[in-house]
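With chain A held as given, fit chain B onto it using these hints.
Taken in sequence, the protein lines are chains A and B.
Numbering of the first sequence is given in the working numbering, commencing with residue 1298 and proceeding in unit increments.
Numbering of the second sequence is given in the working numbering, commencing with residue 1298 and proceeding in unit increments.
Derived by calculation from the structure, the hints in this document are not laboratory data.
It should be emphasised that the depicted structure is a prediction, and the values quoted were computed from it without experimental measurement.
Careful: at least some of the hints might be erroneous.
No copy labels: a pair is met if it fits in one copy or bridges any two.
Stated by the list, open to error - Below, computed lysine-lysine pairings styled on DSS-like, alpha-carbon distance capped at 30 Å: (1) K1336 to K1667; (2) K1507 to K1667; (3) K1299 to K1607; (4) K1336 to K1314; (5) K1543 to K1589; (6) K1314 to K1543; (7) K1327 to K1314; (8) K1327 to K1607; (9) K1589 to K1685; (10) K1607 to K1406; (11) K1299 to K1685; (12) K1466 to K1406; (13) K1314 to K1667.
There are 2 protein chains.
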Amino acid sequence: MKLGLFGFGCVGQGLWKVLHETKGIRADIKRICIKHPDKQRPVPAHFFTTNALEILDDPEIDIVVELIDDADAAFEIVSGALARGKAVVSANKKMIAHRLPELYALQQKTGAAFLYEGACCASIPIIRNLEEYYDNDLLTSVEGIFNGTTNVILSKIFEENLSFAEALKFAQVHGFAESDPSLDVDGFDPKFKLCILLLHAFGVFVRPEKVLHFGIGRVNAFDIEFARSRGCVLKLVARCFRENDKVAAYCLPRFVPQNHRYASVRHEYNAVTLESAFSEHQMFVGKGAGDKATGCAVLSDISALRYQYKYEYRKFSQNGTFFDTSETELTVYVRHEREGQIAEQDFASISERYISGAAHYWIGKISLEKLQAAAWLNDVGVNVIELKN
Amino acid sequence: MKLGLFGFGCVGQGLWKVLHETKGIRADIKRICIKHPDKQRPVPAHFFTTNALEILDDPEIDIVVELIDDADAAFEIVSGALARGKAVVSANKKMIAHRLPELYALQQKTGAAFLYEGACCASIPIIRNLEEYYDNDLLTSVEGIFNGTTNVILSKIFEENLSFAEALKFAQVHGFAESDPSLDVDGFDPKFKLCILLLHAFGVFVRPEKVLHFGIGRVNAFDIEFARSRGCVLKLVARCFRENDKVAAYCLPRFVPQNHRYASVRHEYNAVTLESAFSEHQMFVGKGAGDKATGCAVLSDISALRYQYKYEYRKFSQNGTFFDTSETELTVYVRHEREGQIAEQDFASISERYISGAAHYWIGKISLEKLQAAAWLNDVGVNVIELKN
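Chain A with its partners taken away, still in its complex shape:
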């Protein structure tokens, strides 16, 4: 197997190292396409090129590994390689979530394999398990902690009494958060992963814009104290589930009791829980962030290509399911600042109301559709956290 790499950051360099160390995989990196040819690099210069076509048009290269940040450029590389019949490995969740229908069509047309285990919860082999092991219609829900950055922040808040701002700072200083952390903190990143899993779990293509995401950026001292007072910690949970032929999905912070299985999933670890008719819940835990964890998934994808593995997307071809959130009702805590700030008529019922100088909150039931459409959700003085047993 001859590989062509796009990008040579930490994941790419780790891959280089492992491919030279491991006995199990015989794969050579033939060429590496990079943007800045003048950077000092630990690999001889003749491996590098700045011309993508030197990889894409090289008939000796069987496998393209795409490890760059830019989503649009990544799509060009991936689709160009697939169109030329090359197998492709990528971990670019944003690009994949937005381009799944086109990428699916390209795989069908060319017969080329496109693997992206590293795009969902890094080292956790969740796509492969959904493809291979849950290949029947007994699966009812897939949810979990899909974002390492926010889990680091929330762990620091609840274990070391940091404020949100202090915890975010810690995550940034230690390389767990970008200088612009909004993709993670606001819940875009776990939502992208959710959109990918929706296809492999339930056979539905769902555009990211259709899925409610609400992050942890508005968590304040009052919310933290409220969680503590109820024996809970906070986790950012992405969730999709099926009821008969309808599939719904959303990503919200959640109160999690201290003895719940999610409470022990700390720092950069991710967890995915599957529920099915027979097995009740099953949980996969592993590192969800970091170059090594992603490199591990990329390596396993490369390894699988040795025996011509591809995703079959069986759920999509089998299924009569469709995306429909109209019947989903959530129980939520809505913290706000003043009377009239949130619309009571949006709620199906309200079971608790609290008013003080520090904050107001309601606990009540609301449909996912109403929550998603609510103008008050955009008000930075409002925070929403799910209560779920």
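Positioned in the frame of chain A, the structure of chain B alone reads:
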């Protein structure tokens, strides 16, 4: 796909039900071989036979599902079916652990598939993940809570302050333990699973007799109090690991800190942790006991046979590893009754000694080989628990 079933207990009946409900799998049960034809059963009588050959010699039946208790009879059925070129699904861990070399040879000779995901931690898809996803030599250890019965007992002890005897009684009354619970309580069952995983994780055939197993049958009030005093609970942990080309394995109770990921694995749940160079630890959690959990795994195996899935045993063909426990050293707590009861010269070092009217204990380092060979280990007044960080 036409199935022939051996045994029609709870798993078999659950399978019948699901196969008639699910859209994903089109598989018909054609015939069911049972021992007692006169029992009342919820399925028409013409499905049943007491003659194994009516299944084994039926050319229309592609897949044999073996769901009986008796290990010797199960081996006859499985080997008979494989020899006739039929695919086989089984969950009989005792039979498989003891007969792996013969069963492997039969698969190689006949080309027939033999799947047994249900034999290891029931609903957790660990064999398939080891086969497919960890197909490179970066894996360093596989360990976990492999037995549901003992985990129910230990959970009851630590969560509800029951004694060992009371907790065992609870497990028996609620169907989590057999009337003769020794296979579970003494650690045979998790050891059988460990022997199966040793082949799929590290490519070594290990006879169960070679592996130290020590259960929880000797846990007394003093041990429980000791665990509590150190902020720990007890879990029965089976473990195998690789160092260079040497693989070692054992099954021992372990002190587990209350915030450790294993502490939240409670009641009939099992957990498997994998450690590898790239992904650090990854954990799979799911129901490890019960008819539904086993049925779930059996069903997934049947489903995989639709696309001609078989175990490749790649680690065995790739690997230069061998089973060798000579360099393994453990840190253990050894509770005993009186001076001179355990042999001090067996220990590499002893870091704590405690003597009272209630009990004595030592904490020290001992080689796995010496522990395995120690005559004092057979003394019912001695209990051994591992301390591991």
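We went through each hint and held it up to the structure:
Taking the shortest alpha-carbon separations for K1336 and K1667, neither the intra-copy value of 51 Å nor the inter-copy value of 55 Å comes in at or below 30 Å. For the homomeric pair K1507 and K1667, the shortest alpha-carbon distance inside one copy (13 Å) is at most 30 Å, but the shortest distance between copies (62 Å) is not. Within a single copy, K1299 and K1607 get their C-alpha atoms as close as 18 Å, and across copies as close as 27 Å, so both meet the 30 Å cut-off. In this homomeric assembly, K1336 and K1314 come within 30 Å of each other (Cα to Cα) only inside a single copy, at 18 Å, whereas the closest approach across copies is 63 Å.
When the C-alpha separation of K1543 and K1589 is checked against a cutoff of 30 Å, the pair qualifies only between copies, where the shortest distance is 25 Å, while the shortest distance within a copy is 37 Å. In this assembly of identical chains, K1314 and K1543 lie within 30 Å of each other by CA distance solely across copies; the values are 23 Å between and 45 Å within a copy. For a Cα distance limit of 30 Å, the shortest separation of K1327 from K1314 inside one copy, 14 Å, qualifies, whereas the shortest one across copies, 53 Å, does not. Taking the shortest Cα distances, K1327 and K1607 sit within 30 Å of each other inside one copy (23 Å), while across copies they are farther apart (33 Å).
In this homomeric assembly, K1589 and K1685 come within 30 Å of each other (Cα to Cα) only across copies, at 25 Å, whereas the closest approach inside a single copy is 33 Å. In this homomeric assembly, K1607 and K1406 come within 30 Å of each other (Cα to Cα) both inside a single copy, at 14 Å, and across copies, at 28 Å. Taking the closest pair of Cα atoms, K1299 and K1685 never come within 30 Å of each other, the shortest separation being 49 Å inside a single copy and 42 Å across copies. Taking identical chains as interchangeable, the C-alpha atoms of K1466 and K1406 are never at most 30 Å apart, the minima being 46 Å within one chain and 61 Å between chains.
In this assembly of identical chains, the alpha carbons of K1314 and K1667 never lie at most 30 Å apart, being 51 Å within a copy and 39 Å across copies at closest.
Hint check: violations occur at hints 1, 11, 12 and 13; the rest are consistent with the structure.
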